[in-house]
Every structure is written in C-alpha cells, then in structure tokens.
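These protein sequence lines are chains A and B, in that order.
If you count by my numbering, then the first sequence holds residues 1 to 601, one letter each, in order.
If you count by my numbering, then the second sequence holds residues 1 to 832, one letter each, in order.
In short, the hints are calculated from the structure, not lab data.
A portion of the hints provided could be inaccurate.
Below, in silico cross-link-like pairs of lysine-lysine (DSS-like), each with a Cα-Cα straight-line distance of 25 Å or less [to be verified]:
1. B:Lys79 / A:Lys419
2. A:Lys28 / B:Lys374
3. B:Lys809 / A:Lys340
Computed spacing ranges between beta-carbons, pair by pair [to be verified]:
4. A:Gln144 / B:Pro400: 40 to 46 Å
5. B:Ser426 / A:Gly456: 22 to 28 Å
6. A:Gln125 / B:Glu112: 56 to 62 Å
7. A:Gly318 / B:Gly592: 41 to 47 Å
8. B:Cys529 / A:Lys293: 29 to 35 Å
9. B:Ala436 / A:Met466: 50 to 56 Å
10. A:Ala506 / B:Ser426: 23 to 29 Å
11. B:Leu37 / A:Phe313: 40 to 46 Å
12. A:Gly456 / B:Arg300: 40 to 46 Å
13. A:Gly404 / B:Leu37: 50 to 56 Å
14. B:Leu512 / A:Gln144: 34 to 40 Å
15. B:Ser618 / A:Gly233: 54 to 60 Å
All C-beta atoms, glycine included, are put in the ideal place defined by N, C-alpha and C.
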Amino acid sequence: MPEIRVTPLVGAGQDVGRSCILVSIAGKNVMLDCGMHMGFNDDRRFPDFSYITQNGRLTDFLDCVIISHFHLDHCGALPYFSEMVGYDGPIYMTHPTQAICPILLEDYRKIAVDKKGEANFFTSQMIKDCMKKVVAVHLHQTVQVDDELEIKAYYAGHVLGAAMFQIKVGSESVVYTGDYNMTPDRHLGAAWIDKCRPNLLITESTYATTIRDSKRCRERDFLKKVHETVERGGKVLIPVFALGRAQELCILLETFWERMNLKVPIYFSTGLTEKANHYYKLFITWTNQKIRKTFVQRNMFEFKHIKAFDRAFADNPGPMVVFATPGMLHAGQSLQIFRKWAGNEKNMVIMPGYCVQGTVGHKILSGQRKLEMEGRQVLEVKMQVEYMSFSAHADAKGIMQLVGQAEPENVLLVHGEAKKMEFLKQKIEQEFRVSCYMPANGETVTLPTSPSIPVGISLGLLKREMAQGLLPEAKKPRLLHGTLIMKDSNFRLVSSEQALKELGLAEHQLRFTCRVHLHDTRKEQETATRIYSHLKSILKDHCVQHLPDGSVTVESILVQAAAHSEDPGTKVLLVSWTYQDEELGSYLTSLLKKGLPQAPS
Amino acid sequence: MDGTRTGEAGTSSLIMDPECSRLLPDLCAVLADPRQLVADDTCLEKLLDWFKTVTEAESSLLLLQENPCLVELLAQVLKLQDVSSRVLSFVLRLAGLFAAQEHCFQYLQQGELLLGLFGEAGPFGQAAWTVPTVRSGWIQGLHSLTQHPSALDFLEDCGAIDRVFSLQGDSSLFVASAASQLLVHILALSMRGGAEGYPRHQNGDWPLCAQKIINHVEESLCSLATSQVTQALNVLTTTFGRCHSSWTDALWVRLHPLVARLLEREPIPAAHSLVDLLLSVARSPVVCSEEGSLWETAARTLNRLSQPQAGPLILGLLKLQQCPQALRTRAFGLLLQPLACVLNATTQAPGLPGLLDGPVGGDSAAVDTFLSSKAACVGLLCQTLAHLEELQPLPQRLSPWPQAPLLGAVVTVLQLCNGSAAPASSVAGRLCGTLAGCVRVQRVALDFLGTLSEGSSPPELVAQVFAVLLEYLESPDSSPMVLRKAFQTTLRWLPSSPKTPGCSELRPHTLLFLRELFPVLQKRLCSPCWEVRDSTLEFLTQLIRHWGEQADFRHTLLDSEMPELAQQLLRDPESYVRASAVTAMGQLCSRGLHAIPTSPDNPEAQQGLLGEFLHILSTDSEGFPRRAVMQVFTEWLKDGLADVVFMATVLQVVSRDLDWEVRAQGLELALVFLTQMLGQPSLHCPYAVAPREAAPLSQLPKVLQTLSRVRLLDFAFRALFDCDRPVAQKSCDLLLFLRDKTAPYSCLQEAGDSPDLASVESVLRRWRVGEQGQPLEDLEPESVLAILRSMDLEDLQDTLAESSDHVEKSPQSLLQDMLATVSILENEADCY
C-alpha cells in the first residue's frame, strides 16, 4: 500500500525548540530542516540523527535535505549533520538563505566554541564546506532532485529568503511551510502558494491559538518607547543577532528618524549595516513590493542615520540608540554596554528576541534586577527592560488561510504546543473536512495514498470507440475495454489484437464446457433438431443455427448431442461457449437441464 | 595551586549549597502547583542534570532528608490528576535518580512512592500518559533506579517489566527505543547478580527477571508479526553489543535456533535487524564463533537476502578478522557484483583476471536485479562504492586486494556517468542511460577513487585516472559538489604519481597533466558559481603547498594566468572566495611565486599585494577575508618576510577590528613578533617558530622601545580588558610571556629609580571598566616592566579561564531563573 510517512525528529525527550522532520514519500526520504536548540550546551542541542536510519549510510538513505530559512532553529545543526555526522548528499535552500545562513552559523559557532570553550562543535571551514553542498533554488522553479523526486519553493514571508517547499514524487506531494507569515510586513511580503492540492500540508503552528495584534501596533509601540527614552536623555540598547531582525528594526528607526527629523545618534556595533545592505540589495526581489518600487529612487537599506559604533562611544554623554551583538546579552559588546548603562533608570534595553535560560537577557526579562556577574560582583539593574516580539509567524487565521489556499487532503501541525495545536486541529477538521494530525516528537504519522498511475490509450482503440458512435464527454467517466500492457516502464491500453502484435504472442481461445444429460430415446439427429426448435422459439433475439453436422449454435455457444454409452435412452448434450457469452451460456445450460418440451405426437 | 582552585570551584557547583537548599522549597511548590507553568522546557532538563551530579557526588538519602521538599514534590505530584506532562515526566526521572542508591530506594519504598510512580498505581490511567514525554520519563526513571538487586525485585513485583514489553511497540520511536534499552539493562543487571561465571545455562539457571525477558524474546522471535520480531532482534543486538560476560554465549546457544528459523520464512521478517544481530554476535568477544553455527547462519542469510539488504552484512563480515575465509570470499564476491556487471558490460574481452571472474560476475539474475530500475542500479552502485571505500584502508581487508580491477571499474563508472564511455554492449548502453549525469554515483565514485590512490597501480591505469579526472574538472556539466570532489581526488592522486626517488623534478606525465590542468583551473576561477571559484582557489593553495618548490611546477604556474586571476579574486563579491584568494596569494608569496611584499612604507608595496591585504583588513565588511589576511601575515612574519613598520601598521588596523577573532589573531601575530625579539617562550608554547637569535639582556630596553613604538603594548594592554574573553585570554598569555622574559632585567632594575606609574595605572583602570577612549602614552621600558610586575596576571588568567557562561551554568542561577520565569510564556514561541 503506498503511503506517506512523517516523523518529527526534534530530539529524544523534548517537545519544542527546533525543527527537523523526516518525510517518506513514494519511497523517497527527505529531511525537512535541520535545526538546533540554543538552550542546550551539549548534544541535546541537535536532533538525534541516529534515529534516521539504524542500518546503512545516511547519504544512501536520505535523498535530500531541505532548509526552509536561515533561523538557527531550522538550520543550526546543518554543518554538524553534513560535516560531522557524515551526510554527504544534496541540501536545498533558497539563494538568500544560502547567503545568510553562514553568518548566523558563524555567530553561533563563535559563542559556542570560543566563548564557552565547547568541544565537538563545527568549525568555520565546516560551515563553508557545508554551504558548498547547497543547491540554491529560485522561487517557483521546479528542481529535479532525481528522476522521480522534484521540489518547488514558494514565498513564505517570515524572513528574507524564507520558503515553503512542495515535495513531489509522481502524483503524490507534500508541502512543508517552514515558518511563514500571511501578512506583509515592513520589508517582506505575505506567504503565497498556489492551489497545489497536496496529499499533505505540514504547517508550523507557533501561534496556533493566537490572533495576533498587528505588527504595526508592535512597531508603533517600539518606536514610542525608543523615542520617549531618547527624549528624556536616556540611552537605548537593543541586543541583536547579526542578521535578520536587526535590519528590520534599523529600517524602522531610520524611517522614523527621517520623518521626525531626529538628531540623536543611532549606532550599529559590528559593521552589520553594510552586510544587510549587501544582502537586501542582492535579493531585492525577495522583499515586498513597496521596497522594490522605491528602490530605484532610494535604497531603503542605505541608512543615513545609522553609523558604525566604536567602543568609546558608549561613554559619550547624552542620548543614543545602539544595536549590539550578541542578542542574548550573555557576552561581548552588548553585555559590556549593558553593564555600563544598567545603573541609570533613564536608560532602556529592548530585547527583540528569544533568550535562553541562564543568559543575562533571560534574567532581566524574567524581572530579575540584581544580577550576579563574574567574580561575585552584583549588578543592579535600574534601566528599563522591555521585551518586544517582532517574530513574523502566521497566526491561527493565517494558518487557516494557507490551508484554504493550498487545499490539501490532510494537514499536519508541527512547531507548536500540544494544547494549542489541538484547538487548531479541530478548527481545521471542521472547516475544511480534512484529517489533521499533530504527532508528538518521534511519533510517525502514516497516510495511505492512492497514487494515480497514468495510462496511455492507443489511437486505434480510441478510433474504434469513435466508430461505435460514442463521442467522449469531457467530464464524464466512461468504460473502455482494452488490454493493459506495460512496455518500457509505461502503461498503455490497446486493443487485444495490437497487444498480441506488440508482445509477439499467439491468440488462444478459452471455452467453457458443460455436459447436460437429457432423457430422450430418439436418435441424436432428432434430438438436435428438437433442441434447435426449442431454442429458436425461446431465444428470439439471438441467432440460433442448426449446422449441417447436426450441432446447434446460439451466438458462440455450441450444443452437440451424443448417445450415452451405457444408457441408450439418455442423450448427453455437450455445451461449450466463450467467455464473452458467459451469461448466455449459463442461461442456456440451465434451460437445457430443465428438459425439452414434449414433442407433438 | 591552580589545580586546587579549579577543584574547589568544581566541587562547589556539584554539592547542594545553602543557597540552593533555600530556593528548592519554593521551586518544588511551583512544580507541584498545576496552575504555575515553567516557561522554558530546557530548565527541567538542566535541573535533572544538576540533580544527577548532586546524587553522584553525595548520598541521595541525605539529600532527601535535608531537603524534605523533594519527597513532598514526588508525593504531591502523585496525588495530582491534572499534572502537566512536563512536570510528571520530570518527577518520574527525578525519582529514578534518587532511587538509584539502594538505601534511598528503600526510603522511598517505605513511603510507597515508587509503587505509586512506577507500579500498577502509576500514571497509566492519566491523560498525561498519552503524551510520549511521560512514557519516556517513566522508562528513564526505571532505567535510573535499576541499579541494585532490590530494584529487580521491585520490577518483578510491580509488573513493570510487562509494561516495558508493551512499550517496545510504542508509537514514539524514542519511547520504543528506550524500552528496548531498558530491557537490556534489566537483563544485564539480573545476570550480574545471578549467573555470572556459569559455563552453560540450562533453563532453570537463569534468574527470574532474565528468564522473563528471555521468554518474551523467544515468543517474539516466533511471532508472525514483523514488528515483534524486530523488537526481539533489537533487544538481542543491544545485548550482544553491550554485554560481554559469558552468559551471553549461553544466551546465543539458546536463541540461535529461533533466529535461524527466521531464515525459513518467506519473506524474511525484519531483515535489517537480523543483519544487525548477526554482526553484533559476530563482534562479541565472548560468543564462541568457532562452533560454526553463527557463520553458517550468516552464510544462509547472505544467500537469502537481496543485494541491497545484504550490503551491511557483507561489509560487517569483511571487517571481521575472525570471519572464515570462505565466507569472506563469498561476501566479497557479492559486494563486487555491481562492479562486475559494469566491467562485463563495458569490456570487449570476456573475463577479468583477478577480480570479477567466476560465477558471481556473470550471474544473469544478479545483472537483471542490478539493472531492474534506475533507482536500484544507482542505489546499489553507491552502496558498493561506499563500502569499498570503507574497506580499502583497513588492514583486515581481503588479501590480495584487487587494486587494478577496482581502479578500472571505478574509472569506467565515472566514464559512464559523464558519457565518455563507449557502450560495447546493450547492457552497457542501458548503464550509460542510467548513470549519465548521476551526481550521486559521481560523488561516491570520486571518493572511492581518492581512497584507491593509497595503493600502487599500473601506469596505464594511473594515466586513465588522470584522464578521467581532467574530464571531470573540465566538464561544464560537473556540479560544484562533484567538482570539489574531483579536486580532492586529484590532490590525493598527485603525490602518489610515480617519481624517481631523489628526483625533485616532476615526472613528464605529471607535468603534462599539470599543463593541461592549469587552463582548466583558469576557466574555473572565472566561474559564475562562487563554490567553484572557492574550491579552485583552495585546490590551487594545496597545489602550491605541495609542489611549490619544484622548478617545473613553478615555471608552468608562472607561465599561466593563475596568479593574476587569483589576485583579481581578492575583490570577489563573495567573502568566502575573497578569503580563499587571500590564502592562495599568501601561499604564492611564501613560495616566492609572487613579488615579496616589503615594508608598507615602500610606495610599490602600497599599491601591490601588501596594500591590497591591508585594504581588506581595514575595510572588508566580512570577517573571513580579514581573518585570512591575519593568518597570512602571521605566516609571513614567521618566514621573516615582515618588519617593524609592517607590524606597526597591521597592529594599528587590527586593534580596531570589530571581529574578535581578528583581534585574537592580531595578538597571535604580536606573540610571534615578541618571540622573534625575545626568544622562544618557555615550554608548552604553541607558537613555535624557527629558532632565532634572541636579543641579549642588554638589548632589552631597545626591544621594549620597539614594542612600544609599534604600539604592541598599547594593543596588548587594551586587549586585556577586551569584552570578548578569548581576546583577553590571549593578551594575558602574551603579557605573561613578556613578563617572564623580562624578569631577569627587572631584577637588575629594581635597585634603580622607580618610574612614575600613576598615570599609566589610571589609564589601565579606566580601560578595565570599559572606558577605552583614552590612549596610552608611549611607555618607557622601565614603566612597562613595572606595570607588568604590578599586575596580578596569574589571577586574571584564572578568571579568564572560566568560560564566559560559568554564571549561566550555576545551579543557583538556574533555580533563580526558574522561579523568576514562572508563568512568563510569551518569548518562548519566538525564534532565534
């Protein structure tokens, strides 16, 4: 029985935190995303790849790996998987993802290996070697992974280069959304997919029960807070990771500064504005329409107000806004600036992203105000602390919208909490009348599929049908008789004569036979004549013939009368017919078994 | 002294300290309250990690007695009906950790807590049991507590083993796998307590627990359900893999007939698992393999399985030294079948001496299977080539190793893939159609070809290897990945090309190859694909490293446009390519294949390569090229290609770099400079350079003045307070080296005038608190020495040696964070 199998492989014993899904479709195995969990410092940060195949090489087992976007919870384990675990096959992602991935991976490598002194982590060279295995794809480009497996990327919004992927083998297909956003934001458009009617849609469900307030509201709130702080002479620190949200916030501030004609300096700590400029210019087609349109007059990513930061600036008097890495305030420049500014209640730190437990970012977000630093020093945090989520995931409404767009036969929810997913599952099942699954980590969902197998019909057969005056109707199924032959891995329906000819076979005829005992003392010839008359009177619509050799035929049915070897008063009727006349043959036999009408004396 | 300090720090994080004890009751209360939610799912994992270290370091019983809140937590969670699956799973695992110590187990048993958690009254009826995390927690808890005989009795009495049996078929593969592991663990523990040392076990000899498990395994092996057979085989595979006591031999004797009977079924159930088991038994040092039953079963399995299914068994057998020769030969023959098919199809002459003759090569059924579909053909060929690659370097590989036929076969495969093979038969034609352009086969074939460079091969075949490699390097159809493999394989073959001992010149055919290769490389350097440009530069760097001293190579290289093209790539739009171009150009200079850079003062140098490198160092927006420049500069300095002005310029640029790895490399460069000025560092210094004449003591003031002039000291002192720990660490090492080297001079100076240090110290104090704006004036040698003496660099080194997340990792921090984040959920959903 053909089937599609899906297994989320987040990591033994855990529920959320990273994406890695195994999909088997028509004998092809695909790994969707290869994320890491930043909350762990040991092997638990990576998915447990030993479960992919117990027996044999990973490269032989997996046909390809697909990465949906550059966030580390979707691609962070990739160099580990390809350079340390030993996967040597193709990896697919979009061009922007391929360009930006190494920057984020490099950022994390530096934190893990050099700052925390962790062993067993990938090196810079490994990141590069991994990226060289990537086959970059364009949107809506059908990419043949091999003769049977093809993939196609669709725009997902969320972050620059994020894509949803359709995976197709023959007539079976799966769509994986990765993270996506159904509403356009400041620099990206909304996710879109055509009515591809996949057998299965695997969708993220981060905000499964939420109808989120508009991102505009959050942006206004952010600008208001930054503005208020600098107005009263305070300094604003925004810890960020190298690329992604940082650029989004830069555009936001830049535009606001321009509009309000503000003079307060904005600094960016690690030359990232150039990087952002470079990538967004390179991938301008991935941004939203507004940015594309205005690009000719003014490049949105060339910031007039945002300048490179120098360490000495942190001591400058007066207000300023500083974007500094790393994003979780656990080390480096952002932490150094935080230490300097934490004691002043006029200042503010805005955390725009996730912070793992143990980091200063996590502590201040949970409301802790006295922090123990190295050497038992205690840092008192008087500055204001704000958390602002700008993450662009589809909310419940958006997820429903996408299901409506793609019209899948089944839906599978991942990347969310069980309770929230349950709510969405019911909603999807009610509204779209499709099955919805939400497998736990490590659980396999198996969907039986009925793949349609294309069959060609020979022209001869079609002509014969036409000759019978039966014109085909476009939307009406109809029965067509012929012989199904398989040649060169293709199925064709042809006439039996053509089949015989093509396959070089001789024709044989199959006849059914039956003996009927009839009590009749007359001679065989007379019995035959009586049978002929009897059948002729009953089977008026059929062609009944009495042949010179004494046998009687009705269509293809042949009746011969012979004397019984032991009982001269009994005649043995030998009835035979072809399979085409099976019904008539059976009827005729039952008729004869009842005996012949009494002959007129 | 250092060791003691580290030891103390290590211990203090292990044992339960008063602060943690104080925080625990609150945390337990939160965990036992279903209305409170613990936000971060990693916290409970980390908490368990910590409890594990605590229970390993001290008595669990004492821990529970001193912290009664822990037992209360277990008891309370037992009573809750709507407990969250996370907390329940945590509690099950925690209870298991505590109960691992027998006296603590007894203590918990008295309160019937263990029965409540793991026995019949356990959480099985609760809604939470449907969550795999809880089932997983239950198994892990049991796994932890099964460490002593009392635990075995407990498992027996409370019916846990039967439940573990059923969990082997769990819908979650993690739970199913954990259940399987637990059974092996119980079996091993049970046997450790019971029948150790028994030569043969009769039925009655097996301890109760073990008997139960073995009976279950036996039943499963006889089951008609493949899933149950798989479970039994997996338990046995793990058992023979992990347990190497004599009872495992008895176990095999007992179970072998049942295993062998699986081969009589059609189709063979759980073939992959069966292969794993046979190999696991074969690898066991205990199971007596001389009896022959194992090998006989293995041989039968080989006969029954299809080629792709048999692949892992073939490889496994060939890796085993004790495998009988006949079986090894048979396995090798099977392994080679696909290659035999390729060679038979493509060679005009019948029979291929040494490798593929005999019945195996010509087996028409095997050929049919091999060619049945493209997927089958590609899959099998990939498996064969990968297995051969794995076997080739092993000492236990089959002898004699058919190097030449294998080489011929792999070259043919590569030719079939790129369409250069002329099909000599209809089968070859089909192969051509199947393999043409197949990247999967190309990759693995090139890898194997690379491995074959280790053996010695006839010259005509070597010529064929180079020819096919050149075709791949030349072909516009080669994918970047295949091209990279072709480069790697070429590098492996180049050094092994035949050359006369003692002759430094290249053999004519290598030279010919290189002459043909360079135009190809030139084209590749201009590829629109960055991966190709980068791989070509990496290849070029390796070539120069390997052949750079040979005159013929040098002439050929200098005759080509390669150096110019590589230099142009210093301005490539892709940062990886710029970095590789920097490395390649650096290598060219080191080998004298490009104008040697002189001092930056020299106007020519300004416009030349040094100028370009300095430009990259000061302006490139990406870290990779800047880091590559620093590596090249360090190499140059080691080779004596740099001077004082060069140092001053580089250090000035690098000290401002935003990438801490570049700053750290700047310090490495500074250390090489120091070493050259002052002589080798004492012991275990990783920066070993060619020994040079160190400056005599009397020269020291001059040396120190130079260091001050190139602003090395300014850079090093500033870096000491760098916000990035690795930079500060490197700087600390450097200053310690300087202090040690100048110590004798300091002694001489002590009698003299004490320099005025106040202003310098004030600057350093400000740097320490992060105010780095103020510059350091030029330092007098005496001041340098005095500052070095006055600083407690060892103490600083110790502080820096602690990783930057040592605060993050502390248990107090964890407990505080967990308490603080209760019910704060919003940022969890966010992505990184």
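Pairwise beta carbon distance, Gln144 (chain A) to Pro400 (chain B), judged against the given window 40 to 46 Å: Roughly 42 Å apart at Cβ, these two residues keep to the hinted range, so it holds.
Evaluate the given range 50 to 56 Å for the C-beta pair formed by Ala436 (chain B) and Met466 (chain A). violated, 41 Å
Between Ser618 (chain B) and Gly233 (chain A), does the beta-carbon spacing fit 54 to 60 Å? violated, 35 Å
State, for the Cβ atoms of Ser426 (chain B) and Gly456 (chain A), whether the hinted interval 22 to 28 Å holds or is violated. Check passed, 25 Å falls within 22 to 28 Å.
With 23 to 29 Å as the target window, see if Ala506 (chain A) and Ser426 (chain B) comply at their CB atoms. holds, 26 Å
Does the hinted range 40 to 46 Å hold for Gly456 (chain A) and Arg300 (chain B) at CB? Given about 45 Å between the Cβ atoms, the range holds.
Could you say whether the range 29 to 35 Å given as a hint is met by the Cβ separation of Cys529 (chain B) and Lys293 (chain A)? holds, 31 Å
Between Leu512 (chain B) and Gln144 (chain A), does the C-beta distance stay in 34 to 40 Å? holds, 38 Å
Hint consistency between Lys79 (chain B) and Lys419 (chain A) [alpha-carbon to alpha-carbon, up to 25 Å]: holds, 22 Å
Does the structure keep Lys809 (chain B) and Lys340 (chain A) at a Cα separation of 25 Å or less? holds, 23 Å
Honestly, do Gly404 (chain A) and Leu37 (chain B) meet the 50 to 56 Å range at C-beta? violated, 33 Å
Outcome for the supplied range 56 to 62 Å, where the beta carbon pair is Gln125 (chain A) and Glu112 (chain B): holds, 57 Å
When held up to the earlier numbered hints, the structure conflicts with 7, 9, 13 and 15 and fits the remainder.
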